[in-house]
Amino acid sequence: MGILDLTAAEAAEEIGAGALSAEELFTVYRDRAASDRDAGDEGLNCFTWVAPDAPAPARTGLLCGVPLAVKDLFCTEGVPSQSGSKILEGYLPPYTATAVGRLFEDGASLLAKTNQDEFAMGSSNENSAYGPVRNPWDRSRVPGGSSGGSAAAVAAGLAPWALGTDTGGSIRQPAALCGIVGLKPTYGTVSRYGMIAFASSLDQAGPLTRDVRDAALMLRSMAGQDPCDATSLRFPEEIMLPHAERLDGLRLGVPEELTGEGIEDGVLASFRAALARAEGLGAQISEVRLPHAPHALSAYYVLAPAEASSNLARFDGVRYGMRAEDAPDLLDMYTRTRHDGFGPEVKRRIMLGTYALSSGYYDAYYGRAQRVRTKIAEDFRSAFSDVDFIVTPTAPTVAFGLGEKTGDPLAMYLNDFCTVPMSLAGIPAISIPSGLSQGLPVGLQLAGPAFSENRLLDAAHALEQALGFDGSSARV
Amino acid sequence: MRATVISRDEVLHVARLARLALSDDEIEPMARELSAVLDHVATISSLDLDDVAPTSHVVEVTGGLREDVARPSLPREVALAQAPDASDEGFLVPSPQA
Numbered sequence: 002m003g004i005l006d007l008t009a010a011e012a013a014e015e016i017g018a019g020a021l022s023a024e025e026l027f028t029v030y031r032d033r034a035a036s037d038r039d040a041g042d043e044g045l046n047c048f049t050w051v052a053p054d055a056p057a058p059a060r061t062g063l064l065c066g067v068p069l070a071v072k073d074l075f076c077t078e079g080v081p082s083q084s085g086s087k088i089l090e091g092y093l094p095p096y097t098a099t100a101v102g103r104l105f106e107d108g109a110s111l112l113a114k115t116n117q118d119e120f121a122m123g124s125s126n127e128n129s130a131y132g133p134v135r136n137p138w139d140r141s142r143v144p145g146g147s148s149g150g151s152a153a154a155v156a157a158g159l160a161p162w163a164l165g166t167d168t169g170g171s172i173r174q175p176a177a178l179c180g181i182v183g184l185k186p187t188y189g190t191v192s193r194y195g196m197i198a199f200a201s202s203l204d205q206a207g208p209l210t211r212d213v214r215d216a217a218l219m220l221r222s223m224a225g226q227d228p229c230d231a232t233s234l235r236f237p238e239e240i241m242l243p244h245a246e247r248l249d250g251l252r253l254g255v256p257e258e259l260t261g262e263g264i265e266d267g268v269l270a271s272f273r274a275a276l277a278r279a280e281g282l283g284a285q286i287s288e289v290r291l292p293h294a295p296h297a298l299s300a301y302y303v304l305a306p307a308e309a310s311s312n313l314a315r316f317d318g319v320r321y322g323m324r325a326e327d328a329p330d331l332l333d334m335y336t337r338t339r340h341d342g343f344g345p346e347v348k349r350r351i352m353l354g355t356y357a358l359s360s361g362y363y364d365a366y367y368g369r370a371q372r373v374r375t376k377i378a379e380d381f382r383s384a385f386s387d388v389d390f391i392v393t394p395t396a397p398t399v400a401f402g403l404g405e406k407t408g409d410p411l412a413m414y415l416n417d418f419c420t421v422p423m424s425l426a427g428i429p430a431i432s433i434p435s436g437l438s439q440g441l442p443v444g445l446q447l448a449g450p451a452f453s454e455n456r457l458l459d460a461a462h463a464l465e466q467a468l469g470f471d472g473s474s475a476r477v
Numbered sequence: 008m009r010a011t012v013i014s015r016d017e018v019l020h021v022a023r024l025a026r027l028a029l030s031d032d033e034i035e036p037m038a039r040e041l042s043a044v045l046d047h048v049a050t051i052s053s054l055d056l057d058d059v060a061p062t063s064h065v066v067e068v069t070g071g072l073r074e075d076v077a078r079p080s081l082p083r084e085v086a087l088a089q090a091p092d093a094s095d096e097g098f099l100v101p102s103p104q105a
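Heads up: the protein sequence lines correspond to chains Z and L, in order.
Sequential numbering of the first sequence, starting at 2, is according to my numbering.
Sequential numbering of the second sequence, starting at 8, is according to my numbering.
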């Protein structure tokens, strides 16, 4: 078995056992990542920065120096952290995000920063100021977004694993479109300190990995309360590596609201086949109702832009990032810096959010959306009294063509149809590859109640082993 | 239900609130795109939500205050290092009233 065939967990085990050197592993991946970066348009454009050298040796800890790719929006001290935006071009943060710092403490080495949609706003990675990312399964297609660089890098074998963030599906949807595993933990499980904020009540960091075991391994290092993030939580138990092989007695609920209209036939076929496989492992499949789930997208596209319009007020050309030249006065400097520094989708969401929060419209939009959010959380609570997990396709389609949806914001937003409800409810959800449709990967989403990560990872692992998805053909 | 139509003036008003300059060729597409998204979002106005409490945050956080003790902060030169313009004393910006 070659180095590139190892999962992150296997690589750490080999290094720990003295069968592989951490320096050799890092150099192999560094060279691969650097060649993608050097290839420009000919490559996948996964990275916005690649480590210039191997790190100093003697990385110890559980993760044994295994290289880690980190989404651009995580602050990394002295390393460019631009959140895919021109307004933060070249920004070198004075500190490192807690999630990244915890992975370093456990022995991970920073390999690269990954390309993303600007400020994590997008579902195709076409909104990056640093160019679109391409899908390693088909270069003419998108990798999904907003953690598109992280997903494509892992799928292509340019990084053993990667850190991403999910606000409405930004880990799960690109994981699905690239044929890898993506986990959005329960809101508050991982500290948001040092994550350049998009929508604070929804943003959550999580792993993009080759398999479920790697996702558990990464989450184990990251989870935990942080004094620097008042919304972070003490996870009630230690995250365990999954080991289940069967699903006996497990009740899986299929919500008709997220498995019918709007889902591509090939995606539904793969979904149904995966459910049959789950039944073969002993799971019981039943229908559940999430009556308000079809309204989740509407609520999300009020709440997330509203929070974004507030969070992005800090980019004003004063403390960091770019500034428009020769502005005659302060107000003009603000408005022109923001005009020049933000891309079209970010401007659209700032405008949408500002409108929804503005005088006269607050109750009709923001207030109502917050109430819909309550109803969605109640729907899930009610469903989880009947079933252990909810299962849906992760995304309504397989990877679509570059440029195919850029002209129609609403069509783009519909990519998050199946992932946004879980984000609004703050519950954990994982996407695993269920198979191929038209030669492209399809993702299966499993969602559970808050703090059910250990059970969720176990179930996903058992199903993953039974499905036996082989993603090796995407490695470049 | 009447379709939501955002006018050019409304776009300019919201852009002022957002401290965002828009070029002439950005205004009309912005009005059209905001109208389309708001139209879609308006489906939630058909729901009966009168007796529903709003959720601003899914996690109940109480007592999230840390102890009020002095600790080192970012050194001034580090805080100023990434600014587009700064003096030894602080951030430099154009005058509010040119």
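These aren't lab readings, by the way, just hints derived from the structure by calculation.
Treat the hints loosely; a few may be bogus.
Quick list of simulated restraints, FRET-style, between CB atoms [what the hints assert, rightly or not]:
(1) L/E67 <-> Z/P228: 13 to 21 Å
(2) Z/R252 <-> L/V85: 33 to 41 Å
(3) Z/D387 <-> L/A60: 18 to 26 Å
(4) L/Q104 <-> Z/R476: 56 to 64 Å
Just so it is clear, CB atoms sit at the ideal spot from N, CA and C, and this is done for glycine as well.
- Of all the hints given earlier, name the ones this structure violates by number, lowest first. 2
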